[in-house]
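J.: Here the protein sequences come in this chain order: C and X. The first sequence begins at 1 in my numbering and counts up one residue at a time. The second sequence begins at 1 in my numbering and counts up one residue at a time.
For the record, the hints were derived by calculation from the structure and aren't laboratory data. Computed from a predicted model, the values in this text were never measured in an experiment. Ideal Cβ placement from N, Cα and C applies to all residues, glycine included. Worth double-checking, as some hints may not be accurate.
Claimed, not checked - Derived DEER-like restraints, expressed as beta-carbon distance ranges:
id: 1; chain 1: C; residue 1: T18; chain 2: X; residue 2: G63; range: 42 to 52 Å
id: 2; chain 1: X; residue 1: G16; chain 2: C; residue 2: R76; range: 46 to 56 Å
id: 3; chain 1: X; residue 1: M88; chain 2: C; residue 2: S81; range: 45 to 55 Å
id: 4; chain 1: C; residue 1: A29; chain 2: X; residue 2: R14; range: 40 to 50 Å
id: 5; chain 1: C; residue 1: A20; chain 2: X; residue 2: F20; range: 23 to 33 Å
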Amino acid sequence: RKEVEQDPGPFNVPEGATVAFNCTYSNSASQSFFWYRQDCRKEPKLLMSVYSSGNEDGRFTAQLNRASQYISLLIRDSKLSDSATYLCVVNDMRFGAGTRLTVKP
Amino acid sequence: DVKVTQSSRYLVKRTGEKVFLECVQDMDHENMFWYRQDPGLGLRLIYFSYDVKMKEKGDIPEGYSVSREKKERFSLILESASTNQTSMYLCASSLVGQGYEKLFFGSGTQLSVL
């Protein structure tokens with residue numbers, strides 16, 4: 001089993017939609033979790049860290065479920081500019097394969 | 001802002017050649033990483049280093065080696081390049097801290113092995 005698994009998508013949603021991605025991890029001792037965003041032909045950049053109590057940054061909400069060993073990213077009121085690949089990262093260095101999101105007018 | 005610089009954006013090599021990919025960071029980060037990224041597979045960890053002259057194998061080290069003689073420089077070496085090593089290679093660095101350490105990436109090297 002891979003250490004980090006993501007639904008690859010693609011997710012195609014209309015502007016204004018709410019979309020959620022999940023990412024499961026296999027190592028129950030994992031301590032740190034992140035979501036990164038990667039635009040086409042660019043390097044990944046940190047979107048947000050994921051804290052145990054859950055955290056929100058504007059339209060983005062990240063949550064951690066330790067019991068079921070997954071993290072989630074919720075995007076509300078999707079914008080065209082949210083179109084990208086979203087990567088989860090566990091323990092500072094291991095990435096999921098990424099979920100591709102396309103937001104359409 | 002942290003800068004992670006990879007020496008080449010595009011590189012074309014022939015099968016069997018020895019290839020060096022260089023990565024330099026300017027923020028005194030202890031940790032450095034090499035990944036390759038292929039469509040549908042995401043970023044896969046090749047090697048990482050937590051300190052000078054220290055290296056650890058990642059998930060796919062076969063066919064690669066690394067060198068970290070100075071803190072700011074982490075080199076990836078393909079001893080004898082093969083066509084299945086055609087990929088985008090990404091270098092990253094991060095600080096040692098109390099956890100939740102952000103990775104800073106270089107802009108990547110697209111390597112084609114013919």
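J.: Each of the hints needs a verdict: does it hold here or not?
T.: Hints, verified against the model:
1. Roughly 43 Å separates the CB atoms of T18 of chain C and G63 of chain X, a value that falls within the hinted 42 to 52 Å.
2. Distance hint for G16 of chain X and R76 of chain C: a CB-CB separation of about 52 Å, consistent with the stated range 46 to 56 Å.
3. One distance hint, 45 to 55 Å for the beta-carbon pair M88 of chain X and S81 of chain C, is violated here, with the actual separation near 23 Å.
4. Distance hint for A29 of chain C and R14 of chain X: a CB-CB separation of about 44 Å, consistent with the stated range 40 to 50 Å.
5. Take A20 of chain C and F20 of chain X: their Cβ atoms lie about 42 Å apart, and the range 23 to 33 Å is violated.
Of the hints listed earlier, those the structure fails to meet are numbers 3 and 5, in rising order.
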